[in-house]
Amino acid sequence: MSALLSLCGVWVEYGDKVVLEKVDLDVEAGSFVSIVGPSGAGKSSFLRVILGQEVPTRGSILLDGVPLAPECGPDRGVVFQRYSVFPHLTALRNTVFGLECEKAPLAARLFGGARRAAEEEAAAMLKAVGLGDSLHLYPAQMSGGMQQRLAIAQALIKRPRILLLDEPFGALDPGIRADMHALIRQLWSDYALTIIMVTHDIREAFSLGTRVLALDKRRHDRHAPHRFGATAVYDLRLDRKEQSPLGITVDNNGNKLEGAA
Amino acid sequence: MRWVNRHMRRQDRLFLGGLPIALLLLLYLFMAMQRHSINPADKILPLPAGMAQSLGALMAQPDPLSGKLIFVADTVASLERLGIGIGISTLIALFAGLALGVLPPVRATFGPLVTGIAVIPPIALLPILFIALGLGETAKIALIVLGIAPAMLRDLAGHVAALPREQIIKAQTLGAGSWQIMIRVALPQAMPRLLQVVRLSLGPAWVFLISAEAIASDVGLGYRIFLVRRYLAMDVIIPYVVWIALLAIFMDALLALMSRRLFPWAHGASH
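So the sequence lines, in the order shown, correspond to chains P and H. According to this note's numbering, the residues represented by the first sequence are 1 to 261, in order. According to this note's numbering, the residues represented by the second sequence are 1 to 271, in order.
In case anyone wonders, no lab produced these hints; they're calculated from the structure. Certain hints may be false.
So, partial list: chain H residues that the calculated Cβ filter (under 7 Å) puts toward chain P [said to hold, decoys possible]:
| no. | residue |
| --- | --- |
| 1 | PRO164 |
| 2 | GLU166 |
| 3 | GLN167 |
| 4 | LYS170 |
| 5 | GLN172 |
| 6 | THR173 |
| 7 | LEU174 |
| 8 | GLY175 |
| 9 | ALA176 |
| 10 | ARG184 |
| 11 | PRO188 |
| 12 | TRP265 |
Backbone N, C-alpha and C fix where the C-beta goes; we use that ideal spot for every residue, glycine too.
Full structure from sequences and hints, please.
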C-alpha cells in the first residue's frame with residue numbers, strides 16, 4: 001500500500017534543544033495511528049509538524065508525494081483537547097464555517113440557497129456525530145464531550161485527507177470517553193478516515209489504533225539531556241483488532257521496517 | 001457563617017447598596033443645615049432648595065449671547081464632544097486593535113509606536129493641540145481621542161492576540177485565510193471586549209472633556225462648573241456634578257445592557 005503521509009529524516013530543534021531526531025515514518029491511507037510516549041517526548045511537536053504549525057528543522061514531509069506547505073491547510077483537520085470550537089458561534093454555525101470560508105473568500109458568509117445547502121450538509125454532519133438535537137446551542141451550553149463531538153464534525157465537513165487528534169478525549173469523564181471511542185471508530189470506518197492521534201492513555205492507543213507508535217529518546221546524555229531528541233522507538237502494527245494480543249507485530253529496532261511486517 | 005459565603009438576596013443588595021449613599025446625603029444635609037443656621041447666606045454647602053432654584057434658573061433661562069437654554073446647551077455641547085471623541089476612539093481601537101492583534105507583521109511595525117503614544121500624558125499634549133488645531137471643537141475632541149484611544153487599542157489588541165492559538169489553527173485547517181480569520185474569528189470575539197473597554201474609558205473621557213472645556217470653551221458642562229467657581233456658586237456646581245454622574249452611570253448601564261443583549265455567548269452559560 002502506498003503511503004499517504006511520509007516523514008523523511010525529520011528533525012525538530014529549538015535552539016540547541018533537540019526535540020525530535022531523525023523521524024522516518026510512512027502512514028498508509030486508512031490507518032489509525034496512535035502516538036504514545038512520556039511527557040516531553042515530542043508528541044505534540046510531532047503533531048504540530050504534521051499539522052504545518054511548525055516547520056521541521058531538517059527533513060521533509062510529503063502528503064500524497066507532494067511536500068507540505070509550512071502552513072495549516074484544509075487537507076489536514078485537527079481536534080485539540082480544548083479550544084477547538086468557536087465560542088461565539090452555535091454548533092451549526094461552527095460547522096458551516098468551514099464551508100463558508102471555502103465558498104465566500106471575501107464575506108466569509110453564505111446567503112440564500114448556498115447557505116441553506118451548506119446548513120443542510122452541516123446539520124447532517126452534526127447528526128452523524130450525535131449532535132442532531134443541539135444545532136443551535138453555543139459551546140458554553142454544551143458538555144465537554146459535546147464540544148469534542150462538535151470539533152470533530154467541524155473538522156470532518158472539510159473531508160480532510162488526515163485527521164489529527166491531540167489528546168482529544170483527555171479531559172473527558174471515563175464514561176463519556178468510552179462513547180467517544182465508539183464514535184470515532186464509527187466515523188473512521190464510515191468516512192474511510194486516516195487518523196493520527198496523540199494520547200496519554202495507553203489502553204486508548206491500543207483499543208483504537210491500527211498502529212501504535214511510541215516516541216521516546218533512544219539515547220540519553222545525563223550531562224546534556226536536551227542534546228538528544230525523541231524518535232519512534234516502537235512501531236507496533238495491530239493486524240486485526242479482534243485478534244488476540246499475539247497478533248501484534250513488534251518491531252523495536254527501527255522505523256523503516258513496515259514492509260517486513 | 002464565613003463572610004465569603006454570605007451571598008446577598010436581591011432585596012438585601014438594594015438595601016445595603018443604598019445605605020451608604022443615603023447616609024452620605026444625610027450627613028451632607030445635616031452639615032448644610034448647621035451652616036445655614038449660623039449663616040443663612042452660606043454658599044459653601046447649599047441646601048437642596050437653593051440648588052433646585054439655581055438649576056431651575058439655568059434650565060429656564062436663555063443664554064443672553066446664544067439665546068439657548070444654558071443647561072440644555074451645556075449638556076448637548078458636552079455630550080456631542082464626548083460622543084464624537086469616544087466614537088472615533090472606538091473605531092480606531094477596533095480596526096487597529098484587530099490588525100495588531102491578528103497580524104504579527106502589523107504588530108511588529110506599529111506596536112512600539114502605539115506604546116510610545118500611550119505613555120505620553122494626554123494633558124501635556126493639550127497646548128500642542130490648541131496651537132495646531134485652534135481653540136475650537138477639534139482640539140477638544142482630539143484630546144479625548146488621544147487620551148483614550150491608545151489604551152483602548154492596546155487592550156483590544158492584547159485581547160485578540162490572547163485568543164487561544166488552537167482557535168486560529170483550527171480556523172486555518174477549515175480553510176480560513178488571514179482576512180477570514182480577522183472578520184469571522186477575531187472580530188466577533190473582540191466586540192464584547194470592545195464594549196467593556198468603552199465602559200472603562202468613559203471615566204478618562206470625561207476627565208479629558210472637562211479639562212478641555214475648563215481651559216478653552218464657551219459652552220459645556222465643564223466650562224460652566226469652572227465659570228461659576230469664581231462666584232463660589234456651589235449651588236450650580238453640585239447639581240452639575242450630580243448630572244454628570246447620572247449621565248455617566250446611564251452610559252455605563254446602556255453599554256452593559258448592549259453587551260448582554262448583543263453577545264449573550266460572552267456572558268456565561270446562563271443565556
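Q.
Let me make sure I understand: some of the numbered hints might not hold for this structure. Which ones are they, in numerical order?
A. The structure conflicts with no hint, since it agrees with every one listed earlier.
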